[in-house]
Structure formats: C-alpha cells, structure tokens
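Could you build the full structure based on these sequences and the hints that come with them?
Chains as they are written, first to last, in my numbering: chain A, 124 to 719; chain B, 971 to 1265.
No wet-lab data here; the hints were simulated from the structure. Glycine is no exception: its CB is placed at the ideal position from the N, C-alpha and C atoms. A portion of the hints provided could be inaccurate.
[Stated by the list, open to error] With the C-beta cut set under 8 Å, the calculated list includes, among others, these residues of chain A facing chain B:
#1 Ala153
#2 Leu330
#3 Glu348
#4 Phe349
#5 Gly351
#6 Tyr372
#7 Thr375
#8 Ala379
#9 Phe394
#10 Val505
#11 Thr510
#12 Ile557
#13 Ala564
#14 Pro565
[Unchecked claim] Covered, in the sense of this in silico footprint (three residues per stretch, anywhere, with C-beta under 8 Å from a C-beta of chain A), are these stretches of chain B:
#15 1010 to 1017
#16 1021 to 1032
#17 1041 to 1047
#18 1053 to 1061
#19 1243 to 1257
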Amino acid sequence: MNSDLVIGMAGAGGDGVVSAGESLMAAAAAMGYHAILTKSFGPQIRGGESSCRLRLSTGPVLNPGAPLDVAVALNWDDFLRFGAELPVGGRTLVLYESASGVAPDHLPLAGVVPAEALPVPVGALAREAAGTEKAKNTVVLGLLAGWLGLPPEAILDGVRRKLARKGAEVLAGSERAFAAGLAYAGAHPTRETRHLAPLARGTAAKLLADGNEMCAAAAIFAGCEFFGGYPITPSTEIMQALARDLWRYGGTVLQAEDEIAGLGAVVGASFAGKKAMTATSGPGMSLKTEMLGLATIAELPLVCVNVQRGGPSTGIPTKSEQSDLFQAVFSAHGDVVRPVLAPTSVADTFVVTVEAFNIAEQYQTPVVVLSDQEIAQRKETVDPIDTSRLTVVERLRPTAGELEDYARFRLTDDGISPISHPGMPGGNYLAAGIEHNEQGAPTASGEMHARMNEKRLRKLDPLKERADLFEVEGPADAPLGLVAWGSLAGTAREARRRAAAEGLRVKLLVPRLLYPVSEAAYDGFFRSVQRGLVVEQSHQGQLFRLLRMFVDVPRGVERLCRSGANPVRPDEVLGRLRQMAMALQRVREAELQPQE
Amino acid sequence: MSTSPAAFKATAFRSELKPIWCPGCGDFGVVQAIYRALAAIGRPPHEIAFVSGIGCSSRIPGYTTAYGFNTVHGRALPIAQGIKLASPELLVLVAGGDGDGFSIGGGHVPHAVRRNVDLTYIVMDNQIYGLTKGQLSPTSPRGRESVTSPYGSIEDPVNPLLYVLAYGAGFVAQGTPADMSGLADVIEQAIRFPGFAFVNVQSPCVTFGQAEAQLRTHKAEMKKLADLGHDPSDRLAAMARAQEYGRALHTGVFFRDPTPRPTYDAAVSERRAAMASAAPSRRQVLDRFRPKLAG
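Given below as structure tokens:
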C-alpha cells in the first residue's frame, strides 16, 4: 500500500493524457484524496506533445512530487521531450505502448533503470474495445484503476460525465475500453504493489480548482466589480473565469485593446469608486508599469495579478519561473513602495487575493499579486475554506462633515485620507499623476512633494507588522533555516518535513508579503540561523538579493535557485540541508577540540 | 439624472485654479465653451467626470468643478472608459491635445470608437507640442520647422477628422475658439449625442504656433459647414469635407449618425441588470469547485 503516489503521463496531443489525468483527479477529489495535477504542453497551438503529472495522497500534498511512481509513455518521443518534468527513478513503474517495439530492458532512459517496465498494447486494446485509438486514454484509466486499486465506478462516473455529449455509441465504446484496461491490469499484476491506501470511512470530498480559477473566485468574494485585461499566457484563465462569472454579481469585464488600456480601465473604475482588478504576465507587467505609478500617486486601490512565466521578454510563456520579483518591487519611477504579495498554493491563492484587495482598499494603493504558472495552472484539491473567518475591507469614505471642507489628500496621522468618487456630492476633486497638495491642486513645491511622498510611504508601514503574512514552521531556535516563496514554498515545506523526520533541526519562513520587506519578520527568523537556504525559481535568486538589501542575512545563508521550466525538487533542498547540518556539526566538533 | 437647464450657470463649472496657459492661448476659449455647454446640459458638477492625458490642454479638468482626472500621457480614453463602464450614470468628458490623442495615445481611439462608449472626446489640436516647448506634433504640416525639425518636417500629418470618421464614430465635429458660440454649440451637441462623440478644436498655440494659424486668421478664414450646404447625416460627404483638413478650416458638425448605434455602456447596464437578477451570494463563490461526482 502507498499513501502517496506520483503518476506522470505523456503522449501526442490527441492522445488525451491530460484528460485522463483530470478524470483520475476528479474521482480522487470526490473520494477525499489530496491531489495536485500539473499539465505541460509543447509550444504548438494544437496537437504536439502533452503531459500531466498527478500526485495522489491520503494526506496533504505540498508540491507536485518527484520522481514518478508510475510513468505512462504512450509515445517515447513525446515522453522524453518533457525531460526533468517527468523524472523516472529507480522505484518507477513504467508502462508504455508495446507497439513502440521497445524492449523492457532497453528503455530509452539515460542513466536510470526503473523498478519495472510493462509494455502494454494500449492502442490495440482501444481499437478492439472501442474501434478507435481515441479511446487509448480510457484504456489507460482502466489500467491505472486496476494497478492503483481505485474504485472503477468513481472513475467511470467522471468519464461518462465528460463524454455525455458525444452520444451513446462513444460512451459505450469508452466503457468497453475502460473495462479492457481494467481486465488487462487484473491479468498482469505488478511485481510490487502500487495500490493507493484507502481513506478512512467518511472522508469528506475535496474542492477542486486551479490557481487562476481560485484567483477569480477570490476577486468575486472580495467584492471586485470591474476587471479589465488583455489575454496573455498563463494568466488568461482569470479573465475568462471573470468574463463568465462577474456579470452575475453585477460586475463588468472589459477585454481591452492592450495591456495598458486594460489597467487604464481598472484605474478608471477605481476612481469611479469600484473595486477593480487586472491580471497579466511578465510582458504585460512591463507595459502596465506607468499605470501602476499613476495609481500610486493618485492613491487609487487596485489589484494587479502577475502570473509569472519564464522571461525576459517573451521568454517561455508556458513554464513557471519566479523572476518577476524585482520588476514587481522596483518597476516604478519616483519614490514608490507598492505592496507585493505571493500565494503558495491554489488554496492560498484565494486567501492572498482577498488580502490583496483588502490591502489595496485599506491603504489606497495598487497591490501586485505574484502568482506563477505552476500554481496558476495546476489543479489542486482544496480543503473547504472557512470564508466566515475572512474579512472584506472597504475603502475609507469621507463623512458628511469631512465633505464640508473636503481635501482628498489630507495629511492624516496614518496617511490614509478619506476618498470620494464621482457621483458623491461635495467630494469633487482633481485626481492626477501630477504632484498635488491636500486639495488635489497641482504643485511643484518641493516641500509639498516631500510631505506627500512621506504620506504615501508612511501609510504602508503597518503592513510590515503583519505577522500573519509570514508563516514559520519548525523549532524557533533551529540553526538551519529555509526561506521560500510562491510555488517553491511547497517544495521547501516538504524538504523541511523530511529533514525534520531525519532529525535535522530546521525551520522554514514563507513570506506572503514580499514587499515592503518586513525587517522584523526576517530579523526574528534569522536570529537562530547559522546556515540556510533561500529557495527560488530564478537565475539570480531575486528574493535572496532583495533581502540582502534590507535585512542582515546571516553569512551562512545561501541561495538555491535556478531558472524556470526546471523545478527545484524537495530532495535537492534536503541534500543541501544535510550538507549544511554536517558542516555545522564539524564546526561544533572543532570548537570542542582543546586548543593546542 | 437631473437635467434642468438653467439649474447651473456657466460659472458653476469654473474652479478656483488659475490656468497655467500662456495669455492668448486658444484653450482659454475651449474651457469657456465647455462651461457654457455644461450649463446648457444642466448636470451638477459632481455627476461629471472629466478625464485628460498630458499636455497643456490636459490641464483643463482642473479648471472645472467636475470630478477631474489628469492622468498620464495618451491614456485618457482607456481610463475614461473604465469610469463610464463602472458608473454608466456619470457624464464623462475626455480632453487632450493632438499629441496625446493621435501620437502616443493614437492606438486607443479606434477602440473607444468601435465600442461606442458614450464619451465626449475633445481634442485641442494646435499642431505643436507646447508643454515641452515647440516640438513637432502628429498634426504638424509637412515642412513645419520646429526645434525637433529644424530643417522642416519630412512627414505628413495625421488627419484626426478623417481617422475618427473612418473608425466609425457617430458624431464628429470641429470648432475654434474664434467662434465661441459655435464651439459651445458643437460641444453641447457632442455631449447630448448618445455614443462616442469627437470634437476637434483648432486651438492655436500663441507661443509656438504658426503666425498664420492664430485666432485672427481663424476668424477670417473659417467656413461653417452649415453655410456650405453640408449634410451632416452623410458619412461619405463628411469624409470628403474632412479631406480638406489642414487646407481649410471647416467648423460645425461633419457627421451625426441619424440612427445611432447602441452604446457599450448601455449594453453593460442591461447585461448587469439581466444577469444579476439571479445573483448568488459572493460568499458562496467557492461552491463551484465542489467535484461533480457522486464519489
């Protein structure tokens, strides 16, 4: 029995491996398993190779997992194109299309001998059962149901739902294909069991979502009334979900003519008094920079989601990277502090996006949410979220008294000035990208400029005290420390737990708030740390460098980072932690040696 | 919407800010014409949003008592559309110069027009960059000498009237502060037009503009389209007249669509009303992620 299984599948575009992964996951979620599904495609618009990786577990899953327990290669050329994304190891069961003619002891895998290799006539079984190779993925589902010991009915239910519109004939063919796969698995047991451990009776079904859908749902929850944007991979699903749903809640979605206009319309909607959001990826962020500056000086709340992909420029649009942190933090002319938040999982995307709206509204500022392709496009099971514990913040409106002598940019103690909007009698003012006095009148006074800059920065200071935006796990006095953000937080969490299970004293800090940098949060964390790692998916290690700008990072803290499309794995982090623990041990022993 | 003419005098729309414009600038006349038009319309200042870009003329919202937004260069139209779509009940005016609208922001104009958002877009066209002190603009004539074209411009200007007519706008007019009542009248008509309305104002730059393109010459040379027997319901006739941009100064309405297209903002309001009638609670939004299997 296995409590945790990672299944990787690859095939040609029409083979439907992603669809098979989705069916398997829907069944698992309904049963109450925890799961993460990541999809990966070749660069072709249609067709080309596609793959998915599904991790199923009886307990919470923190990252997509590696290496694979089960690998499915419908086509070796396609499988091999995914390289490190579908890592085969010494414990992997490889099942592959026998028509490929590859002998089980001559798999085209470099430097690795998997535990077991099973050639299966997938195409032949599909043709025989359903009369078409299109049913290959359903044969695979049958095989996996058999070899993983999953209830066939739960999986078939999903298949039926998916094919409902294709007619009775297709449906019947698929059911036969599934049965053929199941029977084949029954007749060919694996050497080592790959059965997934059953769940306790009465385990509740999980929610199923990807990060982009979750982001859109969070926007609705937070009261978003306007979305303006421009299609860009891998963030487009946020706009698509809102284009479908936001109208129902009385909101509006505008597909603008370009990235600039998308955020421009959002700035306008916010000026008009509505909660508003845009979503984009790196190239769009580059174009939106000026508009973000306008929102900063005009003190207009808005949320700008950047689903990061490989950069610079067009980079690798379909793969994850964490290389837009510098851009999120520094892409502004003038003295600007713009809050930047990052979610660490699909479920976290909900909470962090709601928080982004709250911070935007409370402090009258644009807020950047740095998601990444990994979180945004992977499907995850989500435990029910208790939304009654989440608050929704509204911007501070002027009182009737304040409107009598209204000054939009009044220099208040906390730097937050009540904000009116068109339609509100007595609140009339001039908003502007130009520096202004308290009433909003343009000014070139150095003294007023300094006071307004001070106000716009000071109002954000309380954010740095938000301990709830920093998650720490592990013993407070641990000498080993990990810092990770975004999708890499899950990798670091798993590495830390495995290290702790080995007896290493290690703790982990996961910041949701990346900027402004909370010196207090990091100083407190680093106090006990002698060795450590900042784990990131960028070539430079952008958080590591940002921290060194604001915080006294202990000298023993290093970067573990590399470019995207090549995920950092938990075992790599664990390996480095072991080395660091050994180095600490040597230092301690040396200190204990009597001095000559 | 309260529209009671005579409810507001023109002075009710004048703010206390003193314009930074040079004495004799055409934009003084434009802002006066806007005060008059708004008084005729009768909406209170707080129901008006006045959006601009960057340039001398883009200072104009601050000189009114409306809610103003002096935004960034070339982006007034997208921001104004966001305002109008968020709050369709507002009266939204947009203003800027020829550089703002037809150079750096030129890409936004066709989209505002094709969406037909109910905005009034007033361009103060002076054929020069004034705020940055005298550089070539997109409407500067070929041969124009300026600090960035010291040997004369070797490119042809855009034709704002012809562009906007070709984009499909339902209302296109031109005015000059040399004819204040005519200018106030076309601005008022533009505001009243249900849909995107464009007014090109020949607003001379007294400091960097050409001597032959000042209010005096406008007064002497302008030809009212109404006096020429022009039929404003004929888009092709309007385009023929618009071809003369830069050679002759025509004032009045080039085109007013006799059967205006539906506006984007009206469609937004209708859709919101229709779809929000079955509005689920925002707090239940996560329900959509429940797996649809029996399990």
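Okay, the hints, checked on the actual structure:
no. : hint         : in the structure
1   : Ala153       : holds (4 Å)
2   : Leu330       : holds (4 Å)
3   : Glu348       : holds (7 Å)
4   : Phe349       : holds (5 Å)
5   : Gly351       : holds (6 Å)
6   : Tyr372       : holds (6 Å)
7   : Thr375       : holds (5 Å)
8   : Ala379       : holds (6 Å)
9   : Phe394       : holds (6 Å)
10  : Val505       : holds (7 Å)
11  : Thr510       : holds (6 Å)
12  : Ile557       : holds (6 Å)
13  : Ala564       : holds (6 Å)
14  : Pro565       : holds (7 Å)
15  : 1010 to 1017 : holds (count 4)
16  : 1021 to 1032 : holds (count 5)
17  : 1041 to 1047 : holds (count 4)
18  : 1053 to 1061 : holds (count 7)
19  : 1243 to 1257 : holds (count 9)
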